[in-house]
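Asks: Sequence:
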Amino acid sequence: MHLAFTIRDALCYFHIENNVKAKCITDCRVKAKPTDAKVVEKEVKQANDEKHCDLVKKIVRVWREVVESPTEDLYASAWLKFKEVCEPFSMFVKYVETTVLSVKNQFVRAWTNKFLHPGCTTTNIVDSAHGHLKRYLRSSVGDLASCWDEIDKMLKNQLGEIQGSFGRSITVMKHKYKRHKLFSQFEGYVSRAALGFIDDELQCSRTLIFAKEDCGCMQMTRYGLPCACIIAEKRKKKLPILLDEIHPHWQRISVHGKEVDEHFSVMEEWNTIQERLMRAPYKMKLHIKEKLRELGFPEDTMLNPPPRKVVTKGAPKRGKVPKSKGERLGTYSRSQASTPTSKPKPYLNIPYISQIPMIVRPYSEDIGNVIGDDNCGFPGHN
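At position 363 of the sequence shown the residue is numbered 363 (UniProt numbering), and the sequence of numbers has no breaks.
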């Protein structure tokens with residue numbers, strides 16, 4: 001059991017809040033009930049009920065600040081505020097302090113944020129599944145044999161919803177993630193929920209200026225995902241986030257798990273590549289080495305995202321119309337024919353020349369990087 005569930009013991013803050021609220025309703029009354037037989041007027045009773053309702057809402061709001069305190073210092077401040085609001089109700093404060101907060105390290109954010117829990121801090125999802133099953137059964141009377149068909153139907157529907165969610169994570173990826181180099185290795189391998197968490201930290205790394213020691217690394221600790229300081233360092237070096245930096249929980253996008261073949265091997269292909277590499281000419285060796293380096297070090301690719309958003313609608317108001325590729329090639333051919341003794345343009349300074357096979361490089365005049373136009377990578381036509 002301890003090998004299957006390695007997460008630390010945690011309590012459901014949802015049920016704890018309901019317990020505190022119920023105790024608050026009974027103990028924290030604005031005006032005590034009269035001891036004699038005198039009947040309280042209807043208007044006074046209604047006013048007292050409204051005050052009591054407002055007081056309960058205020059206490060619950062302050063209690064949530066205590067539970068959701070991200071650090072121990074903020075927790076201490078929130079607890080002092082809670083005791084100040086509940087000062088007239090000493091019995092209630094004593095109950096909360098001795099009964100509820102005695103296990104605060106199992107539900108208060110300041111402590112639960114120190115261990116891994118991929119968003120699992122409540123158990124009310126179990127109650128939700130139980131209520132969902134009740135709607136299928138439509139009756140509380142019956143044995144397992146009579147209810148089996150409805151249970152099977154519910155489980156099949158749930159499995160279909162889970163498979164649909166996994167399918168969207170595999171096949172559908174938002175355009176803002178596709179255009180960003182940080183997410184270049186995630187398509188089809190990481191769940192959409194994890195991409196949303198990483199995007200939130202990306203926005204924090206853009207808007208906030210902080211040192212690494214001030215980050216807190218809450219997302220890395222709680223969810224096993226890169227936090228703002230790691231993302232800021234990646235953006236500075238223009239490197240993508242690797243799959244090894246993502247917790248395996250967010251890479252489980254199949255109900256069947258990963259297929260593992262114990263007999264899988266690439267030694268035969270690898271030996272063939274080595275033999276061909278030894279027999280190949282020097283230029284071909286360089287080309288094969290470049291391709292192998294692209295597979296082994298994908299973060300070092302020379303491809304860059306477009307520097308700015310391209311306007312695809314409307315004609316330019318002024319400016320010289322650039323020559324087409326054919327016109328430039330024609331001009332280049334005529335100039336070569338008129339000056340046969342001129343030296344050819346060195347191709348080593350051409351961008352992306354390393355992506356071209358060695359045998360074609362002497363014949364390459366220029367290489368153009370196609371800029372995206374926000375149409376899924378395809379040019380838009382009107």
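Please note that a few of the clues may not be correct.
To be verified - In silico DSSO-like links for lysine-lysine, alpha-carbon gap of 27 Å or less:
1) K81 to K94
2) K94 to K178
3) K104 to K81
Read the hints as simulated data drawn from the structure, not as lab findings.
Asks: Does each hint hold? Answer for all of them.
Replies: Each hint, compared with the structure:
Between K81 and K94 the alpha-carbon distance is near 15 Å, which keeps this suggested pair within the 27 Å criterion. At roughly 54 Å between alpha-carbon atoms, K94 and K178 are farther apart than 27 Å, so this suggested pair is violated. A threshold of 27 Å between alpha carbons decides the hint, and for K104 with K81 the separation of about 17 Å falls inside it, so the pair holds.
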